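J.: Use the sequences and the hints to build the structure in full.
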Amino acid sequence: MKTIRLMLLSFAIALAVVPLGCSDDDPASTEVPITLDAYFNLNVDGLPIILNNQGYTNSSGTSYSIKALRFVITDVILHDDEGNDTKIADLHYYDITDPSTHTFSHTGLPHAEWTSVSFTFGLDETDNVRDRYLSRPQFHLDMQWPTNLGANLGYHYMQLEGDFGTPAAAYTTHMGPRQLDGTNDDFPGVVDDDPHHFHFAVDLPFTPLHIHNEGQGELTINFNLNDWYQDSDAGDGIDTEYDFADYPNQVIMGNLDAQGKLQTNGLFCFSAELEAHGGHH
Amino acid sequence: MGSRLRFPVVAGLRRCGWGAGIAVAALCIIAACSKDEDPPIIPPGNECPDPTPLTLTLPANFPELPNPPSNPLTVEGVALGRRLFYDPILSADSSLSCGGCHLQAHSFGDTRPFSEGIHGDKSRRQAPTLVNPAWNSRGVFWDGRAVDLETQATQPVPEPTEMSLPWPDAVLRLKAHPEYPDLFCAAFGSKDISMIRVVKAIAQFERTFVSANSKYDRWKRGEEALNTMELRGFRLFLREGKGDCFHCHDETLLATGSFHNTGLDTIPIDGGRGEVTGNPADLGKFKSSSLRNIMESSPYMHDARFTSIREVLDHYNRGFRHGKPDSLPADPQVDALINKRLLFPPMTSAELDTLEAFLETLTDWDFLTNPDLSNPFESGSAVAKRKPSAR
Numbered sequence: 053m054k055t056i057r058l059m060l061l062s063f064a065i066a067l068a069v070v071p072l073g074c075s076d077d078d079p080a081s082t083e084v085p086i087t088l089d090a091y092f093n094l095n096v097d098g099l100p101i102i103l104n105n106q107g108y109t110n111s112s113g114t115s116y117s118i119k120a121l122r123f124v125i126t127d128v129i130l131h132d133d134e135g136n137d138t139k140i141a142d143l144h145y146y147d148i149t150d151p152s153t154h155t156f157s158h159t160g161l162p163h164a165e166w167t168s169v170s171f172t173f174g175l176d177e178t179d180n181v182r183d184r185y186l187s188r189p190q191f192h193l194d195m196q197w198p199t200n201l202g203a204n205l206g207y208h209y210m211q212l213e214g215d216f217g218t219p220a221a222a223y224t225t226h227m228g229p230r231q232l233d234g235t236n237d238d239f240p241g242v243v244d245d246d247p248h249h250f251h252f253a254v255d256l257p258f259t260p261l262h263i264h265n266e267g268q269g270e271l272t273i274n275f276n277l278n279d280w281y282q283d284s285d286a287g288d289g290i291d292t293e294y295d296f297a298d299y300p301n302q303v304i305m306g307n308l309d310a311q312g313k314l315q316t317n318g319l320f321c322f323s324a325e326l327e328a329h330g331g332h333h
Numbered sequence: 050m051g052s053r054l055r056f057p058v059v060a061g062l063r064r065c066g067w068g069a070g071i072a073v074a075a076l077c078i079i080a081a082c083s084k085d086e087d088p089p090i091i092p093p094g095n096e097c098p099d100p101t102p103l104t105l106t107l108p109a110n111f112p113e114l115p116n117p118p119s120n121p122l123t124v125e126g127v128a129l130g131r132r133l134f135y136d137p138i139l140s141a142d143s144s145l146s147c148g149g150c151h152l153q154a155h156s157f158g159d160t161r162p163f164s165e166g167i168h169g170d171k172s173r174r175q176a177p178t179l180v181n182p183a184w185n186s187r188g189v190f191w192d193g194r195a196v197d198l199e200t201q202a203t204q205p206v207p208e209p210t211e212m213s214l215p216w217p218d219a220v221l222r223l224k225a226h227p228e229y230p231d232l233f234c235a236a237f238g239s240k241d242i243s244m245i246r247v248v249k250a251i252a253q254f255e256r257t258f259v260s261a262n263s264k265y266d267r268w269k270r271g272e273e274a275l276n277t278m279e280l281r282g283f284r285l286f287l288r289e290g291k292g293d294c295f296h297c298h299d300e301t302l303l304a305t306g307s308f309h310n311t312g313l314d315t316i317p318i319d320g321g322r323g324e325v326t327g328n329p330a331d332l333g334k335f336k337s338s339s340l341r342n343i344m345e346s347s348p349y350m351h352d353a354r355f356t357s358i359r360e361v362l363d364h365y366n367r368g369f370r371h372g373k374p375d376s377l378p379a380d381p382q383v384d385a386l387i388n389k390r391l392l393f394p395p396m397t398s399a400e401l402d403t404l405e406a407f408l409e410t411l412t413d414w415d416f417l418t419n420p421d422l423s424n425p426f427e428s429g430s431a432v433a434k435r436k437p438s439a440r
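Protein sequences, first through last, are from chains A and B.
For the first sequence, the working numbering assigns the number 53 to the initial residue and increments by one for each residue that follows.
For the second sequence, the working numbering assigns the number 50 to the initial residue and increments by one for each residue that follows.
Don't take each hint at face value.
[To be verified] Think about it this way: if two alpha-carbon atoms lie no more than 20 Å apart in a straight line, the pair counts; the simulated SDA-like pairs of lysine to any residue are: (1) B:Lys269 to A:Lys139; (2) B:Lys291 to A:Thr155; (3) B:Lys269 to B:Glu405; (4) B:Lys291 to A:Asn301; (5) B:Lys171 to B:Lys240; (6) B:Lys291 to A:Tyr91; (7) B:Lys269 to A:Gln231; (8) B:Lys269 to A:Asn204; (9) B:Lys291 to A:Asp233; (10) B:Lys373 to A:Ala220; (11) B:Lys269 to A:Gly206; (12) B:Lys291 to A:Ala203; (13) B:Lys269 to A:Gly234; (14) B:Lys373 to A:Pro219; (15) B:Lys373 to A:Thr218; (16) B:Lys291 to A:Gln231; (17) A:Lys139 to A:Asp183; (18) B:Lys269 to A:Pro100; (19) B:Lys171 to B:Lys269; (20) B:Lys269 to A:Ala203; (21) B:Lys291 to A:Thr218; (22) B:Lys373 to B:Asp363; (23) B:Lys269 to A:Arg184; (24) B:Lys171 to B:Pro121; (25) B:Lys240 to B:Pro121; (26) B:Lys269 to A:Thr155; (27) A:Lys139 to A:Thr155.
[Claimed, not checked] Over 12 Å on every C-beta distance to chain B, these chain A residues come out as not near it, computed from the model: (28) Thr109; (29) Asp150; (30) Gln196; (31) Phe250; (32) Asp279; (33) Ser284; (34) Asp285; (35) Asp288.
I should point out that these hints are in silico values taken from the structure, not numbers from a laboratory.
As the structure is a prediction and not an experimental result, all values here were calculated from the model.
By construction, the Cβ of each residue, glycine as well, lies at the ideal position given by its N, Cα and C atoms.
T.: Written out as structure tokens, the structure is:
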């Protein structure tokens, strides 16, 4: 008897929690959060990246190779058509030699009509603080900013390296902030009262897309490295064309002119696409 | 993927409420009718205490210690690993241990250019130092071929040119030993001994090799001052247009652990990282090792070609040109950070002196003589001699 009562009680509980019939009339209660995978499509004017190959040409007509590329983006946010934001990454560190850094994923993306993605290239003033990312050991070690360019500043935004020109010479396009204290003899006697920051915000619209249940989102961030060196906004009267030979000794980490050009040109390096796989549109 | 795994019940109910409801009810019935699970049976004589978690105290400016969840640090695990590290039982003729080639007083490197195995074979590359090895996130060995410390420890024991003892034989020896079964019991919760547990214990011990109390560290903490020479050397170390050492030897661990072709050979004799990845761009690349205790760990480089730190500095200054003119073109295989030096004058002898003075400040005598890292089979075995302060 006791067993029968227990069985009936179980059945009753089950019925109490189960919606009757099969109905799709209330989509909000049946929506399954989406998994989004993000990828980077690195290229040089559409050409794939092949390391140590001096086969690329910038807008100044200078040939160059790529031997190393590391960069960081922060506050990566997906935006929908109703003004809602979903952060999909606090910080993503990319190293071209480390495939584990070439993608990142976000689970639990809510349903929405997605319209754009934004991020900060580099780290902003709040984040770019010395020793802030000790919880990210490899990023911290690889991208640490030297104390002689800012005792309280934290990290590089980017390290892009290779050879250029004929005869071939090395270039190191390293981006980051600066606050000199007079002790760096690459800039003799220069003292910065306030730090100079060269990170920038990127906002990339794409064709609006609603990823439906059982679908998976794929975000592609296209990154054209050649655009670092091109004045993409020539009509504004400010020349930001960057050729390697403009800085003969390639000591550009604290060079405000070089960093400023890269900051301006970098805005044009990126585009994005959002696709869905599976599910239905 | 995550969403599917998280909400299977919701998905099922959506399709057909009645059918799912009956299924859920059935599950409830089964649960109501089932008996309690029997408690686990512990074989007699196999009760081992839980190991004691161990948390290392790190300086505030050190990055987090990478520690795999599959091998958490414990007091007993580290103690077992220390014993195994120094025990020649893991070599075929019981003459050689890990500590035989990784000498604490030498920053856990070897004084010899190439280590010798039990049959007299010389190693292909110099035994790397083991300074802060827990942070080898890019891989262990000069070429990074071992993904972590555990994997690295699997290789020397059976290697014929090193300890030459197949793992099954090593495990049998340990099982037959009067003490090791109990030590494994304390470290891992059972007396079972396996290769996996041996290398886990050794890796735990190696993760405690933390060097963080050199004069440089004390200066960074504001506890001690660098003298004028040392400070000048540090500034050259950081200058992008001079030493530019920090890009491969960061200011915290003095080693990023990344791989670089520093122009050691015009045509790489040893493929290095390229032999692991198969990528031509990686030929001749080797891991940048830590500069901590560098003055106590000669010879230098993967093939021990330099016996003095001055030779190393000369190499980076212009030696990487191998006698070629001090002008372009740069070697396409060599790192841009090295080739860039051709664009500004080489450092003077006086400047190299200051760099050496700075490198001296990276010696951590506490690490080199720490009794907790020393050979437990030899009393007073931490024999690094502390040099009197030269400046």
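J.: Evaluate each hint against the coordinates.
T.: Hints, verified against the model:
no.	hint	result
1	B:Lys269 to A:Lys139	violated, 36 Å
2	B:Lys291 to A:Thr155	violated, 36 Å
3	B:Lys269 to B:Glu405	holds, 18 Å
4	B:Lys291 to A:Asn301	holds, 11 Å
5	B:Lys171 to B:Lys240	violated, 36 Å
6	B:Lys291 to A:Tyr91	violated, 37 Å
7	B:Lys269 to A:Gln231	holds, 19 Å
8	B:Lys269 to A:Asn204	holds, 13 Å
9	B:Lys291 to A:Asp233	holds, 18 Å
10	B:Lys373 to A:Ala220	holds, 14 Å
11	B:Lys269 to A:Gly206	holds, 16 Å
12	B:Lys291 to A:Ala203	holds, 19 Å
13	B:Lys269 to A:Gly234	holds, 19 Å
14	B:Lys373 to A:Pro219	holds, 14 Å
15	B:Lys373 to A:Thr218	holds, 17 Å
16	B:Lys291 to A:Gln231	holds, 19 Å
17	A:Lys139 to A:Asp183	violated, 23 Å
18	B:Lys269 to A:Pro100	violated, 43 Å
19	B:Lys171 to B:Lys269	violated, 40 Å
20	B:Lys269 to A:Ala203	holds, 11 Å
21	B:Lys291 to A:Thr218	violated, 24 Å
22	B:Lys373 to B:Asp363	holds, 14 Å
23	B:Lys269 to A:Arg184	holds, 16 Å
24	B:Lys171 to B:Pro121	violated, 34 Å
25	B:Lys240 to B:Pro121	holds, 18 Å
26	B:Lys269 to A:Thr155	violated, 36 Å
27	A:Lys139 to A:Thr155	holds, 16 Å
28	Thr109	holds, 16 Å
29	Asp150	violated, 7 Å
30	Gln196	violated, 5 Å
31	Phe250	holds, 16 Å
32	Asp279	holds, 20 Å
33	Ser284	holds, 25 Å
34	Asp285	holds, 28 Å
35	Asp288	holds, 30 Å
In this structure, the hints that do not hold are numbers 1, 2, 5, 6, 17, 18, 19, 21, 24, 26, 29 and 30, in rising order.
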